[in-house]
Amino acid sequence: MILIAACLVLAGCGSTGNWGWYVINPSTEQGMNNIRFLLNGFGATILLSVIAAALSMTIGLVVALPGMSSNRWVRMPSRIYIEFVRAIPLLPMLFWVFYGLPVVLKSMGISVSIDAFWGAIITLAISDSAFTAEIYRSGIQSIAKGQHEAAKTIGLNYRQTMRYVILPQAIRRILPPLANQFIYIVKMSAFASVIGMQELTRRANELVVTEYRPLEIYTLLIFEYLVLVLIISFFVRWLERKMGADESK
Amino acid sequence: MSQSGPAIEISALNKWFGDYHALRDIDLQVEHGERIVVCGPSGSGKSTLIRCVNSLETHDSGTIRVDGLEMRDAASVAKVRAEVGMVFQQFNLFPHLTILQNLTLGPTKARGLSQKEAERKAMAYLERVQIPDQAHKRPKELSGGQQQRVAIARSLCMEPKIMLFDEPTSALDPEMIAEVLDVILDLANDGMTMIVVTHEMGFARKAADRMIFMDHGAIVETGTPDVFFDAPKSERCRTFLSQILHH
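One line per chain: the protein sequences are R and H, in this order. For what it's worth, the numbering used here labels the leading residue of the first sequence as 1, then goes sequentially. For what it's worth, the numbering used here labels the leading residue of the second sequence as 1001, then goes sequentially.
In case anyone wonders, no lab produced these hints; they're calculated from the structure. Glycine included, each C-beta is placed from N, C-alpha and C at the ideal position. Some hints here could point you the wrong way.
As the list claims (entries may be wrong) - Derived lysine-lysine pairs resembling DSS-like cross-links, with alpha carbons at most 25 Å apart:
1) H:1079 x R:152
2) H:1161 x R:242
3) H:1137 x R:152
4) H:1161 x H:1233
To be verified - Simulated DEER-style distance windows between Cβ atoms:
5) H:1141 x R:142: 39 to 47 Å
6) H:1060 x R:144: 46 to 54 Å
7) R:32 x H:1136: 57 to 65 Å
Said to hold, decoys possible - Chain R is faced by these chain H residues, among others (derived, beta-carbon under 7 Å):
8) 1090
9) 1100
10) 1105
11) 1108
12) 1109
13) 1110
14) 1112
15) 1113
16) 1130
17) 1132
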């Protein structure tokens, strides 16, 4: 990636005339203002992603636990939710939540306006929760049946078994894929730009309209996401190593 | 709970796994203090039988009474499990907890003992199975034989009246079998009511009051060890014994 970056910069410095880095040249006042405008989207992208991820992890757990019941009637709503949510593409769901949901709620007598920020969060959280639910399920089900049985024979009930025996073991297998899923949310948060959320992508789009330098601005945009995702990746790796080390202890 | 009736009373017990008839009309009465060894070929229903006693498996018909209490609902199952300890072939220790935490989890969470009281009791049972010095290690740091002795101590911490052993030495390296059997024998000599599923016939001769031979989900033959080993009545039992004793 660094090599590609170097190539791009070199290409821009060349005399071919296709590149116009002046638009984001930090040594000029205009360029610096533009850069500041673009970087200011970071806050919204991060806030959006973090809240959506936290909600997604909570909804995912609420969906996953009944999904592992031995009773099929308890299991069914969870399965239906996962299959249904997983089948809806993010963009149509975003439009539906932003433009459609307030209308539905109003017809039910609930009058709330959903702004771009919460519209994006709700959509990202719901859409992602189907995947986090599956991560929880596979993590919990990977704990051997014997652990449940041993817990039963020493008198623990379901709640105690989950809390003291199963979840502490499952969390080591759940956290790394969950953190990976967070990367996915960060990238998908770019969709929030289409409903007017002032995050990284939206700001790039707005600047492109006024400056008409899409190549340079979108290049910078990609690098913004790259930096963000690389930082998270680094954290995920660290987490995986830490969890892995714990496991083999 | 009464001490007068039998410890375990099983009558007309049947269980299916789908189409497979895992237990056929099992009748079995175990007195307080009685030591029973169950043997038989794999798939004969030995493990399923003892797993039914503490309701790790549900049965399809018949009744099981433990200390006079029939298991019908969650409440009676919980009461029975409080009386019955179980040791598994695969140990099933909790890998994320230390040995001491493995032993204190049940007493503190299910019985409401204080941490201090639970630890005192845990150390006493670790002394009994002769590994008090391993208390602060994780299960993975222990040998198989030590892990199984910890599993026995973990059960004993719940002060059970009856112990079930499901092939407790089958997953062990040969040199570790004796140390585990010694602990079980020690319990037997102390008068613990127990049902042991095992193929260790030397142990059975020493420990058992009564032998049970199972095949195809049914109890084929029962008897005292002397009669059972020296003069088995059924052909199937004779064949089985000759297979596991003469090699």
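Against the structure, the hints:
1. H:1079 x R:152: OK: residue 1079 of chain H and residue 152 of chain R at ~12 Å, within 25 Å.
2. H:1161 x R:242: Since the Cα atoms of residue 1161 of chain H and residue 242 of chain R sit roughly 43 Å apart, the hinted pair is violated (cutoff 25 Å).
3. H:1137 x R:152: Distance ~23 Å between residue 1137 of chain H and residue 152 of chain R Cα, so the pair holds.
4. H:1161 x H:1233: Status violated; Cα separation ~32 Å.
5. H:1141 x R:142: 39 to 47 Å: violated (22 Å)
6. H:1060 x R:144: 46 to 54 Å: violated (26 Å)
7. R:32 x H:1136: 57 to 65 Å: holds (59 Å)
8. 1090: holds (5 Å)
9. 1100: violated (14 Å)
10. 1105: holds (6 Å)
11. 1108: Since the shortest Cβ distance to chain R is 10 Å, the answer is violated.
12. 1109: holds (5 Å)
13. 1110: holds (3 Å)
14. 1112: violated (11 Å)
15. 1113: Hint on residue 1113 of chain H: violated, closest Cβ of chain R at ~11 Å, above 7 Å.
16. 1130: violated (21 Å)
17. 1132: violated (20 Å)
Of the numbered hints listed earlier, those contradicted by the structure are 2, 4, 5, 6, 9, 11, 14, 15, 16 and 17.
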